[in-house]
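K.L.:
Assemble the dimeric complex from its two separately framed chains, guided by the hints.
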Amino acid sequence: MIAKKKLIALLLLLAGLTLAALLPLGISNYMLRVIDMMLITYVCVLSLFVIFGMTGQMSFAQAGYWGLGAYITAILTTKFGVAPLLALLVSALGTGLFVALVGMALFRLHGHYFGFATIGVVMTLNGIFQNWTPVTGGANGIGNIPPFGIGEWHITSDLGYFYLLLFFAVAISLVTEWIHRSALGRSFMAIRDNEIAAKCMGVNSYFTKNVAYVISGVYCGIAGSLFAFLSSYTSATSFVFPQSVLYLVMLMLGGYNSLLGPIIGTVLLIMLPEWFRPLQEYILLVYGIGVILLMVVMPDGLIGGGKKLYACVVRKKCQPDDFDKSADNGIG
Amino acid sequence: MVLDKLCKRFGGVVAADEVSFNLSPARVHGLIGPNGSGKTTMLNLISGVTDMDAGKITLAGEDITHKPNYTRARRGIARTFQHPRLLKRCDIQSNLYLGIDLADKKGHVANPQDASLKEILAAAGLKLDLDESITTLSYGQQKLFEIVRALLTRPKVLLLDEPAAGLNSKEMEQVDALIGLAVRSNTAVLLVEHSMDLIMNICHTITVLNFGRKIAEGVPAEIQSNDAVIEAYLGRGRSA
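Sequence lines, in order, name chains A and S. Per my numbering, residue 16 is the first one in the first sequence, and the count goes up by one each step. Per my numbering, residue 636 is the first one in the second sequence, and the count goes up by one each step.
Same shape as in the complex, but just chain S (with noise of 0.2 Å):
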């Protein structure tokens, strides 16, 4: 997936300014920044929930910049939102069934490459009663549950928003589990995450964002020793 320049304002906020990326299936790149640099507006452009004023996205050779965000959804972009977006009024079955819905409108084909439910939710370390209302699920379970859901649509991009907010220790285990479930999947994942640890760790490559503009992209090493980056999050010191 390609994403080249793409460009969003809201009013007078610059939210993205041409800010360009790759990703590539069986990688996790990082999408970090301080508070409102625009990391959650990128999800939004990418997936299709906010429109946006230019830039072209290319995914699988194919331009979806003009399509709608349930197309993309169809051709293969799935994604979490900070605060889980689940069926609250359905039960866990009807939660579950529909990302298998959508993998069914893709086509798609059981390969025994993917994951399966059982190997989703083991990584997931959820142990569901079907009929039970979504509401009994915890904060983090569900957190947990909306990537679950997400990855049983057998998505070619995964967009994550933020996904080890507010979970404990065992539960962040949890994502990463679920993370390289889909890399071994060969999808592309897009983590957007305060929590450094997570991020230096399962990250191949990361993208920096400041003010709606990309100050940096590298490994996480290069990331980490970066000048423009370490001024981004810690400000210039007096002597410099």
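Bound-form chain A, shown alone (with noise of 0.2 Å):
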């Protein structure tokens, strides 16, 4: 049964990718844009995903934390010519050391107090980007940001950039599985539904939410220099508090019990706007009631309400053999 649900699974997983692979053929190159900055934003509801669907710790920063990493990648390419992998991984490692630093300060808030401090350091990281004209580059941002590549090799088109971000995006989610099976991913998910139940279960819980924000912003630093390397230029306008609300609204519609909901909240959030176009005045209207439906019909997303209503449907037609199961499987 274990096995016949995992080769289903393997199997999803490949045509999911062949599919996505297959995606950019014949679509325009705009659409192409839209759909890099998905796979970039996706990345960055993954790290939510990892501080707040995981651990329960809701962040507000993860706007900032994305624009710390293109900042990075931007001062280290145009300012001091450093290679582009070597940036990647900077913007990476950086953003992972100063989200510590953040995490070791703010994590003796608890609840809403952390959540509170957290749209304080979006805030100031914007201030920062908007305001340190000599390295930040001020209103101006930093503009001719070389391409990614490696060596001689270089990215020269979007098609390109398609390929690379899915590549990340692709590696980042099956890290994130594999956390999130393994002891480390419940020790998050201990402190997320009983803090004090954790602590008694050896968890130390105050490193461990460390450990998580760190992921997190791993994740948003590589987010964030994937896009400058994609964008080319950087300003402060992107990185701001609204953006990371974005994420939230985007984790909590897809659901936050498993990956597939940050991949259907990011895709849906991101296309709905481009397949209604006609509609633009009354898109934020949609949203707006869109997710307050959601939240009192599905309070766990578009994946969790889906699973209940799939285990309504099959639960009636196959009681009784579900009830056979139960009795073979009991132990003792």
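Derived from the structure by calculation, the hints contain no laboratory data. No experiment lies behind these values; they were computed from the predicted model shown. Among the hints, a few may not be true.
As the list claims (entries may be wrong) - With the Cβ distance kept under 8 Å, some of the chain S side facing chain A (calculated, not the full set):
#, residue
1, Lys640
2, Cys642
3, Ser682
4, Lys691
5, Lys723
6, Cys725
7, Leu737
Claimed, not checked - Listed next, the in silico SDA-like pairs over lysine to any residue satisfying Cα-Cα at most 25 Å (straight line):
#, chain 1, residue 1, chain 2, residue 2
8, A, Lys19, S, Asp764
9, S, Lys741, A, Tyr221
10, S, Lys723, S, Asp698
11, A, Lys21, S, Tyr732
12, A, Lys323, A, Asn272
13, S, Lys791, S, Glu767
14, S, Lys702, A, Ala198
15, S, Lys723, A, Asn219
16, S, Lys702, A, Ala120
17, S, Lys723, A, Met310
18, S, Lys702, A, Lys21
19, S, Lys740, A, Lys20
20, A, Lys19, A, Asn219
21, S, Lys723, A, Gly71
22, A, Lys20, S, Asp766
23, S, Lys740, A, Val190
Said to hold, decoys possible - Over 10 Å on every C-beta distance to chain A, these chain S residues come out as not near it, computed from the model:
#, residue
24, Arg644
25, His664
26, Gly683
27, Ala695
28, Pro703
29, Leu733
30, Asp739
31, Met807
32, Met831
33, Asn845
34, Ala851
35, Ala863
36, Ile865
Ideal Cβ positions, reconstructed from N, Cα and C, are used throughout, including at glycine.
P.N.:
Here's what the structure looks like:
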């Protein structure tokens, strides 16, 4: 039974990957750029999945960390001529280090107080991006960021970036899923569900929260660096508090009990405005009402709600079968 | 494990006033007293959920008085709660593994004398579907599950906070069986409980608290005939 489930999951994954790899064939350049941005956003939503979805610590600072990753890459490549791959690495580690410092200070706060403090972090970071002109270029931002590449080879097209971003999105998804199933992931979820119980089960919650936060920071650093390469220009206007809120909405829309949640949430919220372009003026209204309805009807997000619905339908059909199975598998 | 003169005040209320007693491997120690006498506070002090004002706790010769609660858990102090604290959004498997993870962290080497998972689950009378949400268990099953999770950590000391409260008679027998299992794996058990049947039947020694003070300690038969204990529970007779 379990082997069969694994096989199905593997086949689905392969089918999804093939589909994703073939996706750019026959779509416009504009659409390709939208999808590239979607993959970057997805990595940021995954960062929130780790710190909020798994660990239960609401961080509104993710957009700021994303910006930090972008600025590190922008500064290193344009002012110091650092190789792109190294700049990517430094962005990831540098952002991780910064987030570790923030976490060490802020995880002395609990619950909502931590969340509020992270709003301060994203605002502070944005203020620095906008005003520290000698370093960040101030309101003008930093332009002429070279394309991503290794050695002599450079990515020259949006299609090339698509495959690069797809690679990172898949790799980070796999890492996240591995964490989700590991003892580390369980200690994250223990903190989310019951911090006192977690501590009594030997989980050092302060340290473990920091580990989760640093992982999420590294994700944002990578996403930021890739964003800088993709757009060849960074300015403070992208890295703002509302962007963090958007990540949260995406995560809540999809649901945070499995990786499918961030995928569905990101795809829907990026693609819906594209599909419903004629309704431009009403899109925020639709969003707003949609989010409210979702939280009332499906508090576990689309994936959680869908699962419940599926279980309901299946149960009705094969209740006697279910009963037999549990009787056979019982221990003792 | 030696508890030496533990003290705790909450504002003007003295919840623990120089309480001392010892726990020994493979022995069940009962902790009883009227409501509000400081029993749960004692468990919180021992497990490190609450900081104490004074006193000293020694576990297997090591002073753990100033160790945080996760360190105490790693040294071998496991506990349950009056109302079960399980991972509500996780499936049963993750909840079970949380206990096994801690045993791993302790570098536990499999020992044939230890109760295995199957044996523990059989004693608890739990038939679990690992993929189901933990919330599919009834209240009684959740309380039993919490003891199972604590046992999976291979504890040196097991603190049980009213494990039988709210359970039916069959589930109470299962609590009894789980405590028996803990004793056989050489665990020291501290049992806070209002069910006198359970206390008097399985405890080797009993400590009685009243208003945060220890008023008696001894084997069940002594406690049952102790005047101070009877007075604490029933009040002083008019003629006395």
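K.L.:
Next step is simple, just say for each hint if it's right about the structure.
P.N.:
Consistency of the hints with the structure:
1. Lys640: Constraint on Lys640 of chain S not satisfied, violated at 24 Å.
2. Cys642: Result: violated, 22 Å to nearest chain A Cβ.
3. Ser682: holds, 6 Å
4. Lys691: Violated: closest Cβ of chain A sits about 21 Å from Lys691 of chain S, beyond 8 Å.
5. Lys723: holds, 5 Å
6. Cys725: holds, 5 Å
7. Leu737: holds, 4 Å
8. A:Lys19 with S:Asp764: holds, 18 Å
9. S:Lys741 with A:Tyr221: holds, 19 Å
10. S:Lys723 with S:Asp698: Violated, at roughly 34 Å.
11. A:Lys21 with S:Tyr732: holds, 20 Å
12. A:Lys323 with A:Asn272: holds, 13 Å
13. S:Lys791 with S:Glu767: Violated, at about 30 Å.
14. S:Lys702 with A:Ala198: OK: Lys702 of chain S and Ala198 of chain A at ~23 Å, within 25 Å.
15. S:Lys723 with A:Asn219: holds, 20 Å
16. S:Lys702 with A:Ala120: holds, 22 Å
17. S:Lys723 with A:Met310: Since the Cα atoms of Lys723 of chain S and Met310 of chain A sit roughly 18 Å apart, the hinted pair holds (cutoff 25 Å).
18. S:Lys702 with A:Lys21: Answer violated: Lys702 of chain S to Lys21 of chain A is near 43 Å, above 25 Å.
19. S:Lys740 with A:Lys20: violated, 30 Å
20. A:Lys19 with A:Asn219: violated, 37 Å
21. S:Lys723 with A:Gly71: holds, 13 Å
22. A:Lys20 with S:Asp766: The hint holds at about 12 Å.
23. S:Lys740 with A:Val190: OK: Lys740 of chain S and Val190 of chain A at ~22 Å, within 25 Å.
24. Arg644: holds, 21 Å
25. His664: At roughly 19 Å from the nearest Cβ of chain A, His664 of chain S sits farther out than 10 Å, so the non-interface label holds.
26. Gly683: Check fails; 8 Å does not lie beyond 10 Å.
27. Ala695: Non-interface label on Ala695 of chain S holds, nearest chain A Cβ at 17 Å vs cutoff 10 Å.
28. Pro703: Violated, since 8 Å does not exceed 10 Å.
29. Leu733: Violated, since 5 Å does not exceed 10 Å.
30. Asp739: Violated, because the least Cβ-Cβ distance between Asp739 of chain S and chain A comes to about 7 Å, which does not exceed 10 Å.
31. Met807: Met807 of chain S is indeed farther than 10 Å from all Cβ atoms of chain A, at 18 Å.
32. Met831: Non-interface label on Met831 of chain S holds, nearest chain A Cβ at 27 Å vs cutoff 10 Å.
33. Asn845: holds, 27 Å
34. Ala851: holds, 29 Å
35. Ala863: At about 33 Å from chain A, Ala863 of chain S clears the 10 Å cut-off, so the statement holds.
36. Ile865: For Ile865 of chain S, whose nearest Cβ neighbour in chain A is about 35 Å away, the distance exceeds 10 Å, so it holds.
In this structure, the earlier hints numbered 1, 2, 4, 10, 13, 18, 19, 20, 26, 28, 29 and 30 are contradicted, and the remaining ones agree with it.
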